[in-house]
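Asks: Chains as they are written, first to last, in our numbering: chain A, 217 to 519; chain B, 57 to 542.
Everything labelled a hint here was simulated from the structure, so no lab data went into it. Where is the CB? At the ideal position from N, CA and C, for every residue including glycine. Possibly wrong hints are sitting among the right ones.
[Stated by the list, open to error] Quick look at which bits of chain A chain B covers, simulated, 3 or more residues with Cβ under 8 angstroms: (1) 235 to 243; (2) 276 to 289; (3) 472 to 478.
[Said to hold, decoys possible] Lysine-lysine pairs mimicking DSSO-like chemistry, simulated, CA-CA at most 30 angstroms apart: (4) 432/A - 384/A; (5) 253/A - 61/B; (6) 265/B - 253/A; (7) 522/B - 265/B; (8) 79/B - 512/B; (9) 380/B - 58/B.
[To be verified] Some residues of chain B that are not near chain A, with every Cβ distance over 10 angstroms (derived): (10) 68; (11) 89; (12) 90; (13) 109; (14) 372; (15) 504; (16) 527.
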Amino acid sequence: MQTIQLEKQYALRLQPISLKSRPEETVVAAVDTSSMKIGETDTGVLIAVRGANVWKQRSYRYLRLGPFIFHVTEENRKEVYNTLQNAYFNLKHEPKHQSSPSLLQMQTRIASLLEKWLQKMLSETLSNGLILFDGSLTSGTADAPTQRITEILSAAREGGNVVLAFAKMTRLSLNGHRITDLPSKHKPPYLLQMAGIKPKPPLSFLGDVYVARLAKGSYSFRLDIDKETPSERRIKAVEKLLGNDVVSQGYPETLRLAHIFCTFTANEVIAMQHFIARRYGLRIVNRPDMHRLLFGPFGKGES
Amino acid sequence: MKLYKKDGNIVQILSFPNESVEKGDYLLIEEINAARALIVQIIEVQFANIPGIFEELLRSYPDGGELLRGEDFDPLEIAPHITYIQDARLLICKIRATVENANLSPNSSWLPMRSQSTITKLSISTLFKLARMEGNLPVILGGTKESSLLTIDASSLDGRLNIVTGKKETGKSHLSKLLMLNLIKYGATVVVFDLNGEYTGLGLTSDGKRNAYYDKIHVLTPARNFKVALIQLHLHILLSVLVHALHLPGASAREFRNVWQFLKEKGNLSLRELGEAIRSWRCNQHVRDALFSRYYALVNSGFFTDNVAEAMLLEECLFKAREKGGAVVINLRNTSSVDRRMVVEYILGKLVELLTNWKLKAVFLFAEEAHLYLRETYWDDIVTRMRHFGIFTTFVTNQPDTIRENIYRQADNIFLFNFTNEHDLETVSRASRVDAETVKSIARDLPPHYCLVLGKAVKDFPMVVKVKSLDVKTMGETRLFFKDMN
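Using the sequences and the accompanying hints, generate a full structural model.
Replies: If you want it as structure tokens, here you go:
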């Protein structure tokens, strides 16, 4: 994993922003998706994706979409990807120079399409709420085109929502330490703002980056908050999150549940393989693990 | 169903929710190319160890133990497949036989191919045909789960040692009565040690009318309609009673023998004369005291009489039963433990005598809770010596640990009702005709009136049967304090 080393002058604002829980009733909604390669066939790969929306308004509710199973081959990968992209997003304003993903990339790219579509739907339908995304608000990648993320954030703002993106892992580091590992004597909950970070093009940060430590004795997470949201509102949004959601281990429960609900269990993978074999008669092939084959007990496998 | 594993004579089979199989069912694992098949019986049903189940269950209850509400949009309808996999079961089966050229062998060494095997449920009727369970003396025990009848042949009880056991009120006595009546129907002579007077109404229907067995059931109640005159007794039988039931020491027994010979020679064998003779006999005072105490025990039992006309001859009943079949029910309900032992000693001695002289061909003996009246040495006698005389015993008990281990080892048939107690199951599982896993697994889940039949009667294919009802008068019911208040 590539580490982005911050320059010292752009370092963390070492004065932490203290947070207070605001119990003003606010809907908290989260989106997450999961994908899995459930097997290989003679001609391609079988990919399953599933997305989940979880929201909290007094109690937790969920909407789970999928699993959607795709048999992607070299022949159909372009068609599959373009069809999904056209179905999910209006592509009139998006640049068309992007090539379709390779067979290996298809799993994450399809999952990403579903995730962005779910984020868009939530941003357009929820009002005056808190929208939690899994990951960062970094754009400019094939998975997260700037235009698409900008539209999502804009739709959310129009509905009076604030987007908070929690990343479990970050590549941002200061003095050789990940920003989430930096020590602080301040009493949680608090935020540490990172100012003036400029990623290398074509990447761009559509959110301001914070280190969020939301509960005592818990982990810190990278938190991206929509840049266009006024600073005061951002802090208020995080405080509303503390007042409306369970934040155990420093991570919002709504987002945790969204993750849990979309993740595939081994049992589900077997069930999907069963479904594919029954419904479509597709034969899943077990490709030999070349590492094991060549190196025996010294081969650690490809993953 | 799919063959998953084989370990020794245990086979594990993966079964899916749409396949209706239960503990106790028989399955046929066929391999077409091999022209062989395995007959296995399900002894345990478990959830298949599907990876990810734990996560699946945890995911259903993430909100403080309450089920999270929500909607699933599942366009491909994968959910039924998930539950299908989730509910997959693992059948633990015991190999009972291998079928080859329509012949059964108890061999379990053959391993069918996993990929080429087909597994189907084996109906009881087909199993019966394969096992050639047929005979001229059918005894219908009841219905199997498949609504077919479980029929054994009465000859499978002939010359055999049987045990009927299970916890209270599960139907042991009911099955014993069923077996008895069927034996009588085929002309057998049956003797029952009836501890609670449960068998005394066998000749009557449930509404008190006479049934087909009325003339064949002879109920003998000691000291009432069943008495013995000394003159009818053989010395060795009375000595057995004195030594084994009344614990007369050896020296005193020798003296008693002399007294008896003396009275016999004089032609004065009566209770009164016996008392007089002991009083006047020249012997050690301790011996006299010992003889006197036993003498009074005999007198006080009311079982012995001087009135020959009053003496009910056991032989008469047995001979009647010998002609057309019948049962002599020894009603021990209100008999004290000492008297019970005397009566049993007398009867067993008498039976041996009659059988030795070929006055009787064979006797089927039903002994309820035998530990309450059978002396220690008789247990071994019954499985070894008495069997050769022609006494074929069926022990009926709800306390399996009261029957000795060697009896279990030599039992030919076991009719096992429900037991939940581990210790009881452990005891019964010592029987050589069945494996411990089968006993423990199946017997624990048997509902009342369901019986697991093990042994020769079912050609060593353990079968679960719901014992059929009998239209006979129920006797020996438990006396209840609140009965009339409800």
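Asks: Going back to the hint list, which numbers does this structure go against?
Replies: When the structure is compared with the hints, numbers 1, 6, 9 and 13 turn out to be violated.
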